[in-house]
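In order, the protein sequences belong to chains A and B. Position one of the first sequence corresponds to residue 1 (the working numbering), numbered consecutively onward. Position one of the second sequence corresponds to residue 1 (the working numbering), numbered consecutively onward.
These are computed hints drawn from the structure, not numbers from a lab. Among these hints, one or two may not hold up.
To be clear about the criterion: a stretch of chain B counts as covered by chain A if any three or more of its residues have a C-beta under 8 Å from a C-beta of chain A, and this derived list gives those stretches [claimed, not checked]:
| hint | region |
| --- | --- |
| 1 | 2-11 |
| 2 | 86-97 |
| 3 | 123-130 |
| 4 | 150-162 |
| 5 | 184-192 |
Even glycine gets a Cβ: it sits at the ideal position worked out from N, Cα and C.
What follows is each chain in one-letter form.
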Amino acid sequence: MHELAITQNILDLALNEAKAVQASRISKISLVIGELSGVVSDSVEFYFDFMSRDSMAVDATLEFIIVPAQLRCRDCQTEFNPQDSLWICPNCKSVNIDLLAGRDCYIKSIEVE
Amino acid sequence: MKVEILKNITSANDAIAAQNQQVLDKHNILALNIMASPGAGKTSLILQTINCLKGKLNISVIEGDVASRIDADKIDKEGIPVVQINVGSACSLEAQMITPALDKLPLDKVNLLFIENVGNLICPAEFALGEHRKVVISSIPEGDDKPAKYPLMFTLADVVIINKIDLLPHLEFDLHNFTKTVKGINPKVKIFQVSCNTGQGIDEWCSWISSQIKK
Numbered sequence: 001m002h003e004l005a006i007t008q009n010i011l012d013l014a015l016n017e018a019k020a021v022q023a024s025r026i027s028k029i030s031l032v033i034g035e036l037s038g039v040v041s042d043s044v045e046f047y048f049d050f051m052s053r054d055s056m057a058v059d060a061t062l063e064f065i066i067v068p069a070q071l072r073c074r075d076c077q078t079e080f081n082p083q084d085s086l087w088i089c090p091n092c093k094s095v096n097i098d099l100l101a102g103r104d105c106y107i108k109s110i111e112v113e
Numbered sequence: 001m002k003v004e005i006l007k008n009i010t011s012a013n014d015a016i017a018a019q020n021q022q023v024l025d026k027h028n029i030l031a032l033n034i035m036a037s038p039g040a041g042k043t044s045l046i047l048q049t050i051n052c053l054k055g056k057l058n059i060s061v062i063e064g065d066v067a068s069r070i071d072a073d074k075i076d077k078e079g080i081p082v083v084q085i086n087v088g089s090a091c092s093l094e095a096q097m098i099t100p101a102l103d104k105l106p107l108d109k110v111n112l113l114f115i116e117n118v119g120n121l122i123c124p125a126e127f128a129l130g131e132h133r134k135v136v137i138s139s140i141p142e143g144d145d146k147p148a149k150y151p152l153m154f155t156l157a158d159v160v161i162i163n164k165i166d167l168l169p170h171l172e173f174d175l176h177n178f179t180k181t182v183k184g185i186n187p188k189v190k191i192f193q194v195s196c197n198t199g200q201g202i203d204e205w206c207s208w209i210s211s212q213i214k215k
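With the sequences and hints as input, model every part of the structure.
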């Protein structure tokens with residue numbers, strides 16, 4: 001449900017950047033979202049549709065570039081994507097795990113006219 | 001025309017959180033962000049800590065809830081300055097909610113601030129508030145699988161408190177499994193076992209807080 005705040009942040013950031021280059025319309029927003037960031041893209045799309053209605057971002061396409069979660073076992077150094085979201089090494093069953101990637105949550109670029 | 005941005009979506013929140021922390025630092029206040037599921041014992045832990053540290057430290061509390069003043073009233077009864085924030089449809093406190101709340105507290109006189117987040121093990125992990133330490137409470141009736149099910153929250157914690165430890169003999173909770181999982185994904189985390197019902201472990205937790213207080 002924090003997608004409401006997340007979407008507002010996305011919209012604010014995109015509008016500020018578009019204004020800075022004197023754009024009149026935002027046609028696309030590209031977002032990099034890690035699997036573990038907790039951001040649900042469907043919810044963002046849902047909120048974005050009505051939050052952008054009275055702005056230059058209306059009808060903009062949202063592109064979600066999903067970064068898979070990547071973990072590394074500290075005992076055997078195996079790198080893996082958590083199956084069923086469980087942070088357990090598939091090789092040695094260790095639970096001593098470092099998070100390498102998957103927490104990203106940023107705007108990569110916008111396309112404006 | 002394509003414009004590269006490369007800015008974190010939560011960057012606006014993070015900037016306000018940094019400002020909040022500057023305000024707290026100016027007043028030498030240690031701020032703890034208390035996060036847990038509903039019913040894990042966030043308010044009970046704050047009340048026990050107040051009881052233990054009253055007279056030694058000047059404490060204030062910011063209470064975050066979807067609705068009601070129930071928690072704030074409990075703190076108020078102890079004579080502790082408290083601000084209630086009702087987040088409505090939001091599922092977590094955000095940094096911009098904390099800024100006006102700080103204005104309502106006697107910051108000059110405070111050295112320990114509890115920020116009790118909304119009961120939720122997911123969303124509060126996403127929003128920094130300006131706190132110095134993140135404290136996650138997990139209680140025995142919730143089961144020992146919570147760190148495996150909500151790993152992100154537990155990787156971000158500076159402190160994990162296992163509450164309702166007095167219920168351990170009565171419920172199926174594998175303490176070893178819980179601790180192993182938490183330490184596995186967060187080797188630096190500090191773990192305390194407490195009971196806000198019997199007071200077990202509260203002294204040790206309060207000693208830790210005292211050691212963190214800014215002189």
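List in ascending order the numbers of the hints, as given earlier, that are violated by the structure. none
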